[in-house]
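Visitor: Protein sequences, first through last, are from chains U and R. Residue numbers for the first sequence follow my numbering, beginning at 1 and rising by one. Residue numbers for the second sequence follow my numbering, beginning at 1 and rising by one.
Keep in mind that the hints were calculated from the coordinates and are not lab data. Where hints are given, some of them may not hold.
Claimed, not checked - Here are some, though not all, of the chain U residues that point toward chain R, as calculated from beta-carbon distances under 10 Å:
hint, residue
1, 27
2, 58
3, 72
4, 73
5, 81
6, 115
7, 237
Unchecked claim - Residues of chain R clear of chain U, computed beta-carbon distances all greater than 10 Å:
hint, residue
8, 3
9, 59
10, 90
11, 197
Stated by the list, open to error - To give an idea of the interface, some chain U residues facing chain R are shown, with a C-beta separation under 7 Å as derived from the structure:
hint, residue
12, 8
13, 13
14, 14
15, 15
16, 38
17, 74
18, 78
19, 199
20, 252
Here the structure is a predicted model, which means the values were calculated and not measured. Don't be surprised by glycine CBs; every beta carbon is placed ideally from N, CA and C.
2 protein chains.
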Amino acid sequence: MSRKHNFNAGPSTLPLAALEKAAANLVDHEGLGLSVLEMSHRSKDFEAILAHAKETLAGLLSLPADYDVLFLQGGASQQFAMVPMNLGSGGAYVTTGAWSQKALAEAKVVGEPVEIWTDKADNFRKVPAESEALAVPAGAPFLHYTTNNTIFGTQFHYVPKASVPLVADMSSDFLSRPIDVRPFGLIYAGAQKNAGPSGVTIVVGRKSILESFAGPKWVPTILRYETHAKADSLYNTPPTFGIYLCSLVFDWIRAQGGWRRWPVAPRPRPRASTT
Amino acid sequence: MSRKHNFNAGPSTLPLAALEKAAANLVDHEGLGLSVLEMSHRSKDFEAILAHAKETLAGLLSLPADYDVLFLQGGASQQFAMVPMNLGSGGAYVTTGAWSQKALAEAKVVGEPVEIWTDKADNFRKVPAESEALAVPAGAPFLHYTTNNTIFGTQFHYVPKASVPLVADMSSDFLSRPIDVRPFGLIYAGAQKNAGPSGVTIVVGRKSILESFAGPKWVPTILRYETHAKADSLYNTPPTFGIYLCSLVFDWIRAQGGWRRWPVAPRPRPRASTT
Numbered sequence: 001m002s003r004k005h006n007f008n009a010g011p012s013t014l015p016l017a018a019l020e021k022a023a024a025n026l027v028d029h030e031g032l033g034l035s036v037l038e039m040s041h042r043s044k045d046f047e048a049i050l051a052h053a054k055e056t057l058a059g060l061l062s063l064p065a066d067y068d069v070l071f072l073q074g075g076a077s078q079q080f081a082m083v084p085m086n087l088g089s090g091g092a093y094v095t096t097g098a099w100s101q102k103a104l105a106e107a108k109v110v111g112e113p114v115e116i117w118t119d120k121a122d123n124f125r126k127v128p129a130e131s132e133a134l135a136v137p138a139g140a141p142f143l144h145y146t147t148n149n150t151i152f153g154t155q156f157h158y159v160p161k162a163s164v165p166l167v168a169d170m171s172s173d174f175l176s177r178p179i180d181v182r183p184f185g186l187i188y189a190g191a192q193k194n195a196g197p198s199g200v201t202i203v204v205g206r207k208s209i210l211e212s213f214a215g216p217k218w219v220p221t222i223l224r225y226e227t228h229a230k231a232d233s234l235y236n237t238p239p240t241f242g243i244y245l246c247s248l249v250f251d252w253i254r255a256q257g258g259w260r261r262w263p264v265a266p267r268p269r270p271r272a273s274t275t
Numbered sequence: 001m002s003r004k005h006n007f008n009a010g011p012s013t014l015p016l017a018a019l020e021k022a023a024a025n026l027v028d029h030e031g032l033g034l035s036v037l038e039m040s041h042r043s044k045d046f047e048a049i050l051a052h053a054k055e056t057l058a059g060l061l062s063l064p065a066d067y068d069v070l071f072l073q074g075g076a077s078q079q080f081a082m083v084p085m086n087l088g089s090g091g092a093y094v095t096t097g098a099w100s101q102k103a104l105a106e107a108k109v110v111g112e113p114v115e116i117w118t119d120k121a122d123n124f125r126k127v128p129a130e131s132e133a134l135a136v137p138a139g140a141p142f143l144h145y146t147t148n149n150t151i152f153g154t155q156f157h158y159v160p161k162a163s164v165p166l167v168a169d170m171s172s173d174f175l176s177r178p179i180d181v182r183p184f185g186l187i188y189a190g191a192q193k194n195a196g197p198s199g200v201t202i203v204v205g206r207k208s209i210l211e212s213f214a215g216p217k218w219v220p221t222i223l224r225y226e227t228h229a230k231a232d233s234l235y236n237t238p239p240t241f242g243i244y245l246c247s248l249v250f251d252w253i254r255a256q257g258g259w260r261r262w263p264v265a266p267r268p269r270p271r272a273s274t275t
């Protein structure tokens, strides 16, 4: 079979090994007599799949002990609302393209964000230079940016410095390059570009942020990170098959050798000796 | 293979024919050279899958033209919040078990619902009798109930009468028996019991309700029914594989002959002739 590669909007190409394993197990999962699609999310078998997905991703990310991984639903579009609903209303936004504009627009629905940098007038041709100081208001609950801008084709090749929690939408480049999560308060990504199928949203965040709800009392229980952090992504029925497929993709990445640790910028050349 | 039937919490047994077709197509969907998991949700191929899912379900339900079907994410737990956020704060709730209690609790987070009937003191041993008049407050935006109560084992065998829009959580018995949707303003169901995999939430509702947002301005765009109704469930990346699997389950139900139209209560016995 000639495999097609899809570079369009939404779901993208998955590793063949992951698809083949999922297909082989779809009717009878590992000889258990039922599909992963039919397993109770409260069963030991599914709990093992969820734990394996989480541990493998944590290993790939060299995740520090004070970080947690959540598997949620609703895509980045739901995260656009959840971030300000949980972390606080007046977040600082860097808008570098369509997705960060959508994140800002949604933050305006649920709160009062501040746009601190945009290149909209120049049709989003660039992202802030690493040397540029971003004017984050004192007391802003977070700084939000989009690591990679589909449509406009720009990408951050550095991690912005911030004295407030750094929040990144990595939907389109999550797992495409090594990440050091430690500068980030919270990272979110729809799984469908590099990590799995659509319908799974991966959130990686500092436990102190995920577990301490700081939003208004009208925020639905299901939109609170603490709900999912305390229930280990089993507050309600999760997208079980999607999480299984993510675990197969994580296995595949690990089988390729995983990643070297950050930084991945070209290493400085050894200086010619002058002595 | 001996197939196991799972009657536990969450995802449940699926038709073998649906699983086998999904497995056969998982690596190479209908000879297209890619998996349905890898298709853009903006592609013609996926649009055809979505349209087929919607049309088949509409056919099974004999859906009137003024009703629409949405495929969402987040399960019934997210609907517990979306219903009052969209239809209005002061809904009337009939609590007949664990799930309707959860729906009521969530309605209290986002608004001011009224519990008009409960059997909690008697450990949810019954549902209201059909002859019982439910005291729905004048001006209540809707009446909410749960058609089937897992854990407690009770089920409504009639549709309550209401002068306000009737909203039903059918998560555990949707597609297990014929439904006449016409008495309902809105029906929602997590797909994972009878209609497909977890990660897909089916909403069937009157267009006038789905398309006219009546909630407060802080309701996130993604939690508004009108957002999804206007975009035909393609506002953001939907759970594409889950919708495909639902379409296979709908096909299977249709292949069994679909349903006779409501009512399904035992037909009255022919009266013995007295002449």
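Visitor: Hints first: check each against the structure and report whether it holds.
Guide: Results of checking the hints against the structure:
{"no.": "1", "hint": "27", "verdict": "holds (5 Å)"}
{"no.": "2", "hint": "58", "verdict": "violated (22 Å)"}
{"no.": "3", "hint": "72", "verdict": "holds (9 Å)"}
{"no.": "4", "hint": "73", "verdict": "holds (4 Å)"}
{"no.": "5", "hint": "81", "verdict": "holds (4 Å)"}
{"no.": "6", "hint": "115", "verdict": "violated (18 Å)"}
{"no.": "7", "hint": "237", "verdict": "holds (5 Å)"}
{"no.": "8", "hint": "3", "verdict": "violated (6 Å)"}
{"no.": "9", "hint": "59", "verdict": "holds (24 Å)"}
{"no.": "10", "hint": "90", "verdict": "holds (15 Å)"}
{"no.": "11", "hint": "197", "verdict": "violated (5 Å)"}
{"no.": "12", "hint": "8", "verdict": "holds (4 Å)"}
{"no.": "13", "hint": "13", "verdict": "holds (5 Å)"}
{"no.": "14", "hint": "14", "verdict": "holds (6 Å)"}
{"no.": "15", "hint": "15", "verdict": "violated (10 Å)"}
{"no.": "16", "hint": "38", "verdict": "holds (5 Å)"}
{"no.": "17", "hint": "74", "verdict": "holds (5 Å)"}
{"no.": "18", "hint": "78", "verdict": "holds (5 Å)"}
{"no.": "19", "hint": "199", "verdict": "holds (3 Å)"}
{"no.": "20", "hint": "252", "verdict": "violated (14 Å)"}
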